[in-house]
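Trainee: Chains as they are written, first to last, in the numbering used here: chain A, 455 to 1155; chain B, 98 to 253; chain C, 16 to 287.
Note that these hints are calculated values from the structure, not bench results.
By construction, the Cβ of each residue, glycine as well, lies at the ideal position given by its N, Cα and C atoms.
Treat the hints with caution; some may be incorrect.
What the hints assert, rightly or not - A partial selection of chain B residues facing chain C, derived with a Cβ cut-off under 8 Å:
| # | residue |
| --- | --- |
| 1 | 152 |
| 2 | 156 |
| 3 | 157 |
One letter stands for each residue in the lines below.
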Amino acid sequence: MPAVGNSVARKDGIGKATGAALYADDIVFPEMLFGRTIRSTVPRGRIKSISYDFDTTGFTIADYRDCPAKNAVDLMSQDQPFLAEREVKHMAEPILLLAHEDKEKLHAAKVVIEYEEEEPLFDPEKSDQVFKSIDIVKGDTDAALASADVIIVEGTYTTGHQEHVYIEPNGVIAVPENGGVAIYGSVQCPFYVIKALRCLLGSAHPNVRVIQTETGGGFGGKEEYPSMIAGHAVILALKSGRPVKIIYDREEDMVATTKRHPSIVRHRTAVTRDGCLVAMDIDVLLDGGAYVTLSPTVLSRGCIHAAGPYRCDNVHIHGRAVFTNTPPNGAFRGFGAPQTEFAVEVHMERIAEALGIDSVDLRRMNALRPGDKTATGQTLRNDCSAHMVLEEAVKRSDFVKKRAEWKGTNKSIGLALFYHGAGFTGAGERTLKSKARLDLIPTGVRIAVGSTEIGQGTRTMHAQIVTDALEIPYETVEVAQPDTSLVADSGPTVASRTCMVVGKILEECAHEMKEKLGGLTPADYYVKNGAFSVERMYEPPDWIQWDDSLYRGDAYATYGWGCDVAELEFDRDTYEVRPIKLTAVQEFGRPIHPALARGQIEGGTAQGLGYALLERVVMRNGAMANGQLTNYVIPTTLDMPELDVVMMENPYPGGPFGAKGLGELPMDGPAPAVVNALRQMGLDVRDIPATPEHLSNCAMA
Amino acid sequence: MQFTLNGESREFDGNPAARLIDVLREECHLTGVKEGCGEGECGACTVLIDGEPVCSCIIPAGQVEGADVVTIEGLGGNHPLQELFMNEVGAQCGICTPGMIMATLKLGDAPTLDEIKTALAGNLCRCTGYAAIYRAVLKWKGMPEPASAGSAVVVQ
Amino acid sequence: MRLAISGLDMRRATSVEDALAILRNEKRMPVAGATDVYIALNFGTLVPKQFLDIWALDELRTISKRGDTLVIGALTSYTALIQSHLVAEHVPMLAEASRLVGGVQIQNRGTLGGNIANGSPAADGVPVLAAVDATIVLRSFERERRVPVNEFYTGYRKTVMQADELIVAIEIGTVEGKQWFRKVGTRAAQAISKVVMAAVRAPSPRIAFGSVAATVVRVPETEKILGAGGSIGDAADVLSRELKPIDDVRSTADYRLRVSVNLLRRFWSDTE
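Chain A with its partners taken away, still in its complex shape:
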């Protein structure tokens, strides 16, 4: 029985279920101090003075002057300091670091900071500081919009912040060692942390390594922010000469760290009377917060997906990510696409309404097929499955019948069609040059990659690919815990690339290793010839052409396709929505491990439902005012509907065993499906979260 395609035993071991698995806060080093971050309490201003209202004996105190080389978190830009120097740009911005061996003394320490406050900017529409601007142009949109025989449908759609709520808050430990420092932490991207630390430390401290501890969820939230925390811990560890542990409590984690970018998306669409899309003019605005972080790439993915999985000859997508005096927003599962696909899918429903045609037919008429060109001019190949997932979802959910039967009742049904590009955008995978390595060891082989297991099944899925490519027993494949000094830099664990891209390199490593083994088993080869390793670099498909200045070409090597159908009940007394059932039909090449893949779809769907209905970040004076799990509510067992998951196969030739990326796709569909169901009930919702408060206003309108 092959490993791939079967739900084999997971490589995680039993530790997660016995409590033996060690997360950052579970690890203790001798002489360890605890670190704490003193943060700004104004959204914008200048630091006038800092004073210590506590006995500083036994404390290590650090500020920006303690950054050994450069006070900048090296990500896409170097604009964000580890510690504010004079200027403060957002609430909860790190200013000062304290460390002490006694947690109580640490928390009791009172630091008084005086500011010269300045007028903050909170409204992204009023911001003139643009982090990144993108224009995607296809055909002549203006001319098409002006033509006589079309109907114009316009609309503005907004989405709010979303907080990741990984159940393990952020945490790292910095441990001085051999003239350098080791970081143990809850991180998605150990090599991002290395990059940031190299910049912070300069050449004086060449020995840095990052070891990923068991990570209690990430969802993008531990993509870039851990670089900041690691920097803080390192600064304190170097100054004190002792290990320093920084663990955020829930409120600090929610208030200070990144969130999903809020968005405002405007659509102006020209459509023929029978429903053919003629022109799409789309404006995307993302609130980036106070520093660049990953906003340019979030905007990029958001814009590329903004026209939805539809064919249209004239498209203009204009996008901006702008500055505001709020904590920086960053990566979150879906990375811009959930925002823009929400907008286009609700807009499609409104177009159908405006034309008086069936919204399923409207999608049938316009959905992309192999050979069609996307907004960036990419010609889709045979692994385009928009129609397949749409038809399956409509059939499986009995959509048409239920929609008719439930008319005028408190029940309704709605759907959304969506897609998600796998891997880095455009030439991204080419410039990333990710590597993977396979080591021959006495018992078999060991996978040595920087890709992290954060719950999604990295270890298992990679081991399955190697098992079948090498044709060896699954039990003889080991997976190394990422330690940047020992594993290959396989790129960040983001962008639905861990299976499709890193899995592919591993497959190739395995093929090369198999050849070298010359028919021997790894164990026999080892006895005879000793150990060896195979390391390979990713080669994207050679047909990929991308012009980053024009935003034209093959944006992604392949896309996953999905159609979600949401069935709801609405309470007209309380305006509460109860999801009854969600049918998630998703095509992602091929499931390597069906049970793990199903888990990705179910979990992503739950996050999408929270995004649609429950999860509202309340911002007051530029800070999250509901930074508690009591007040920022994610779905519980009783909030979740029945989930019907359909995993469709349409292999991508460039992926390992035909697999595409999957992690983000399930996040894109639930929100528009839910809102489109609400529309069936006469609720004109264009903003999420569609909380009962919001729906009560819609119902009154």
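Position chains B and C relative to chain A; hints supplied.
Mentor: Chains B and C in isolation, oriented as in the chain A frame:
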């Protein structure tokens, strides 16, 4: 003060106002008890006191005097639920898993899906959407999966 | 956790008598299941530093009938309320409210007395007690007194309780009429209420709301209209003037008012 911890008698002479979770994690080194929120909301710190699931992050240690406390470590390493949580992918990142398992233990025989959901409503999971957790629990109880527990199919 | 434990002083009472003797001499905040107190401790917002742990006072865990009166010990947990036949028979809506408090973990530790003493306007159990005109039994070392729940709160988290008093029991007389309860929370489980309504349909209807004012409230004007045979439409108008909810991080004043009015109408039609 004296209490029973995972079947063994234990002394605690610290401040009775200390949080139970801190005593368990820091003094008794039972780090399977996880802290997710410190507000009794996520359930990751769930332990049993006299057989009842409770959140150890909001319990003064002094209140377990004479009580029987069981943490995930107290189940040993081969409770059938532990294996089922892994096999059914009821555990993804795993941070909620110990608390989830502790909350599950109180369920009676032949629980309905609604009973399982109610028993676990005090435990947040951000990875799974809970469906795989129901599958693990149903299997543990030898119950068939009702349609409302969800379904999945691979279409080739 | 943001508050230093070493600065806290918790003393354990072994009996009610012991507790009252301690409270006579020392100013201590009683702590029962700690489900509210320790959240404040974790957030660093807890002001008192001296506590009296009353969790061991099993004598306050009884639910009994005294004549026609249901007597619920102050340390009765939500779990015990849910499981009690007497509660199911006498005030089923109290069991229903208890089922909607937190998750199982909180239901196992949270107590009815604690819910009352904490004084949150969003307390799920208190509107039920207000609608059934429950009486709170307060005891100090010197005396015992009974305060109607509707006279217990004097403002936001303020009560008539003296520092040396302990809530020992809640008494509920026979409830004549149909009971009706609805909690509207932030989600389906583990939710803080945005609006709670508990009501009794009797010749003189009794209607209480939570989360719409500084304390749990009864709505006497609305009750009067309905009691006098006025239309539900008129009562709804009166209610929308009688309640003055606020905006907070969980909801809005508009929503709370709109939903309160809708719930009043629903109550009226459900109990016809």
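Trainee: Are the hints correct? Go through all of them and say.
Mentor: Now the hints, each set against the structure:
1. 152: holds, 5 Å
2. 156: holds, 6 Å
3. 157: With Cβ-Cβ at 6 Å, under 8 Å, it holds.
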